[in-house]
Amino acid sequence: MSDTAEPLIIGSVAYTPNVVTIWEGMRDYFATTDTPIDFVLFSNYGRLVDALIAGTIDVAWNTNLAYVRTVAQTDGRCRALASRDTDVVFSTVFVSRAGAGFDGIEAVRGRRLALGSRDSAQAAILPVQFLREAGIAAGDVELLRINSDVGKHGDTGRSELDALRAVLDDRADAAAIGLNTWEAIARGDIMAGALGAFWTSPEYSHCTFTAMPSLSDERAEAWLANLMAMDWERPEHRAILELEGLRRWVPPKLDGYRGLFEAVAAQGVSDRW
Amino acid sequence: MVNHGLLLDLVERLAATPVGSTVELDVSASAAGGAAASDASSATSATAASRAEEAAANIDLIARWCRASGNELAEVRAESVVVRHGRRRDPLALLDPSQLPGTRLWMYTNFDCNLRCDYCCVSSSPQTDRRALGVDRVARLADEAADAGVQELILTGGEPFLLPDIDEVVASCTTRLPTTLLTNGMLFRGGRLERLRRMDRDRLTLQISLDSATPELHDAHRGPRAWERAVGGIRLALDEGFDVKVAATLPADQAHEVAPFTQFLGGLGIRPENRVIRAIAHEGAADSGVELTVDSLIPEVTVTAEGVWWHPVAATDESHFVRAEIFPLADAIADVRERFIRHREAADRAAEWFPCS
Ligand code: SF4
Chain A
1 MSDTAEPLII GSVAYTPNVV TIWEGMRDYF ATTDTPIDFV LFSNYGRLVD
51 ALIAGTIDVA WNTNLAYVRT VAQTDGRCRA LASRDTDVVF STVFVSRAGA
101 GFDGIEAVRG RRLALGSRDS AQAAILPVQF LREAGIAAGD VELLRINSDV
151 GKHGDTGRSE LDALRAVLDD RADAAAIGLN TWEAIARGDI MAGALGAFWT
201 SPEYSHCTFT AMPSLSDERA EAWLANLMAM DWERPEHRAI LELEGLRRWV
251 PPKLDGYRGL FEAVAAQGVS DRW
Chain B
1 MVNHGLLLDL VERLAATPVG STVELDVSAS AAGGAAASDA SSATSATAAS
51 RAEEAAANID LIARWCRASG NELAEVRAES VVVRHGRRRD PLALLDPSQL
101 PGTRLWMYTN FDCNLRCDYC CVSSSPQTDR RALGVDRVAR LADEAADAGV
151 QELILTGGEP FLLPDIDEVV ASCTTRLPTT LLTNGMLFRG GRLERLRRMD
201 RDRLTLQISL DSATPELHDA HRGPRAWERA VGGIRLALDE GFDVKVAATL
251 PADQAHEVAP FTQFLGGLGI RPENRVIRAI AHEGAADSGV ELTVDSLIPE
301 VTVTAEGVWW HPVAATDESH FVRAEIFPLA DAIADVRERF IRHREAADRA
351 AEWFPCS
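First to last, the sequence lines map onto chains A and B. Residue 1 is where the first sequence starts when you use the UniProt record's numbering, and the numbers rise one by one after that. Residue 1 is where the second sequence starts when you use the UniProt record's numbering, and the numbers rise one by one after that.
For the record, the hints were derived by calculation from the structure and aren't laboratory data. Be a bit skeptical, because a hint or two may be false.
What the hints assert, rightly or not - What the simulated footprint calls covered on chain A by chain B, stretch by stretch (three residues with Cβ under 8 Å from a Cβ of chain B suffice, anywhere in the stretch; the number is not a length):
#1 38-48
#2 156-164
Unchecked claim - Sample of chain A residues with no beta-carbon within 12 Å of chain B, all distances over it, derived:
#3 P17
#4 V71
#5 R112
#6 A186
#7 R219
#8 A239
#9 V250
As the structure is a prediction and not an experimental result, all values here were calculated from the model. Cβ atoms here follow ideal geometry from the backbone N, Cα and C, with glycine treated the same way.
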């Protein structure tokens with residue numbers, strides 16, 4: 001079916017070996033459609049966004065911070081195409097020792113709060129914004145910044161786990177981490193004896209496929225139609241969807257980036273890495 | 001005391017582990033991990049019993065997390081666990097449905113034979129003990145077979161036509177399932193011919209051994225005039241209206257024999273799908289041939305008078321012995337399948353330890 005069509009080139013960051021499996025699965029799927037793809041893996045989001053802007057790739061699979069920075073670097077000319085269902089309902093969770101008695105974001109006043117890597121939207125940039133919105137000033141809380149992922153690929157999961165370790169080790173009273181990391185560990189009540197979530201932020205948006213205007217609407221729409229047609233009920237699709245952490249692809253929720261744009265401006269986070 | 005920090009280590013390590021691969025995690029009382037640091041002093045003074053209790057609690061925590069997260073607790077060792085990222089591939093699901101162990105049931109009716117082929121995989125000969133399975137056990141196996149998922153019965157030996165009740169043995173199978181009977185085809189005379197004639201032509205396939213288009217190669221392995229009598233047996237069985245398969249055992253250096261042989265079989269009237277060519281296995285009387293081990297061979301459930309075996313090609317090789325208890329057949333098949341899964345998993349783990357680079 002796809003013998004003659006030029007493949008769309010998608011870029012992604014290789015933060016785990018499973019990224020190869022995911023994109024090979026995606027390439028196999030799109031080979032059965034009229035919009036074949038190929039993929040290029042990058043070692044970090046800085047390189048990925050450079051390649052998108054330079055036209056080396058047609059589409060970048062961006063985190064929310066990478067998207068916000070792409071918007072800044074392109075004066076808003078880039079376009080978000082699609083996200084995972086889990087990306088449009090993302091949130092940040094504040095976690096403490098079980099039984100610590102914390103009952104809301106206010107409870108961190110005067111306490112030690114562990115944050116993930118400084119380039120983590122969910123575990124550093126947005127938590128600071130949430131504190132600010134709650135009227136908790138910089139001096140009201142002792143921030144323990146754990147930059148264990150800085151300078152690496154840009155996936156900040158490791159630093160979020162380190163923030164939880166800080167709580168277990170009593171180096172911090174609470175940690176701010178992404179909902180995905182918390183759910184990966186807690187799986188219901190498995191951490192009940194040790195850790196508990198005491199505050200969940202409003203929902204915001206996370207990863208999204210990002211394209212430049214050089215990708216025509218026609219090509220983008222044809223590709224998106226095939227992307228959205230991936231079906232959880234079909235085992236061969238489900239294997240890929242499960243690995244990528246979604247049940248279905250959805251249109252991006254642009255409102256969900258507003259808080260991050262504001263946080264980046266307020267904290268003076270640079271446009272580049 | 002449970003060490004919840006272990007879960008953080010596990011999540012971190014699995015994130016960096018390809019799906020399908022495993023990580024080993026220390027779950028002993030002195031294991032690293034977030035909470036362990038503050039417990040270190042108590043761990044050193046802990047008694048052996050409390051250490052064991054803590055390790056058990058840690059294993060329980062990890063087991064619950066694995067269940068909830070769709071990862072697999074692949075192995076529990078003394079002070080560590082092996083966790084697979086994601087679910088294991090089901091080795092049975094990866095097989096072609098026709099290869100699923102227990103789809104066919106092989107039965108060795110007896111081990112004695114009128115021939116003494118030099119490559120015989122079970123060392124049969126006129127001097128070999130009969131070790132007959134017997135019509136009662138064959139009938140009971142055939143009875144249980146369909147319910148156990150078996151779709152075809154295969155009777156082999158030795159030479160089955162040496163048995164005075166081979167017609168009853170065959171009938172106890174053909175009344176239940178399609179059946180194939182392996183024979184050297186040399187004994188279709190007198191009472192034995194009468195027994196052949198009593199067999200159900202609609203449900204039975206005769207598989208007759210013939211190695212070459214001319215007598216030399218066949219007789220070199222199987223004895224003087226064996227070729228002539230086998231060809232006679234094939235012709236007779238066809239004339240009698242039986243479906244006849246011909247199986248050749250060919251040494252690897254005799255590939256040039258294949259083309260004239262298939263032509264010859266065409267001339268005899270053997271349909272292309274009824275022609276089988278096998279390699280010599282290094283089993284039984286054969287002093288060389290393909291090496292077959294239980295971990296390299298997809299099993300074909302095989303029953304002899306001694307019990308259940310991995311594969312008919314090695315039904316006298318102790319390393320292929322599965323169990324003495326034949327009944328219930330479904331249990332025997334389940335046992336073979338479980339062993340197959342274990343072998344495959346061990347092979348997968350070995351492949352992870354020795355990457356191809
Ligand atoms: S190979 Fe067959 S015919 Fe030859 S000795 Fe063995 S059982 Fe008999």
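The hints, checked one at a time:
Coverage of the segment 38-48 of chain A by chain B is violated [criterion: at least 3 residues with CB-CB distance below 8 Å; count 0]. Here's how the segment 156-164 of chain A fares: 4 of its residues keep a CB closer than 8 Å to some CB of chain B, so the rule of at least three is met and the hint holds. The beta carbon of A:P17 sits about 5 Å from the closest Cβ of chain B, which is not more than 12 Å, so the claim that it is off the interface is violated. Against chain B, the non-interface label of A:V71 holds: every CB pair exceeds 12 Å, the least being about 28 Å.
With a closest Cβ-Cβ approach of about 15 Å to chain B, A:R112 is found to remain outside the 12 Å limit, as its non-interface label requires. For A:A186, the shortest C-beta to C-beta distance to chain B comes to about 9 Å, within the 12 Å cut-off, and the non-interface label is violated. Every C-beta of chain B lies more than 12 Å from that of A:R219, the closest at about 31 Å, which supports listing it as non-interface. Look at A:A239: its CB is around 9 Å from the nearest CB on chain B, not clear of 12 Å, so calling it non-interface is violated.
Once the 12 Å rule is applied to beta carbons, A:V250 is consistent with being away from chain B; the minimum gap is 22 Å.
The structure fails to meet hints 1, 3, 6, 8 from the earlier list, while all remaining hints are met.
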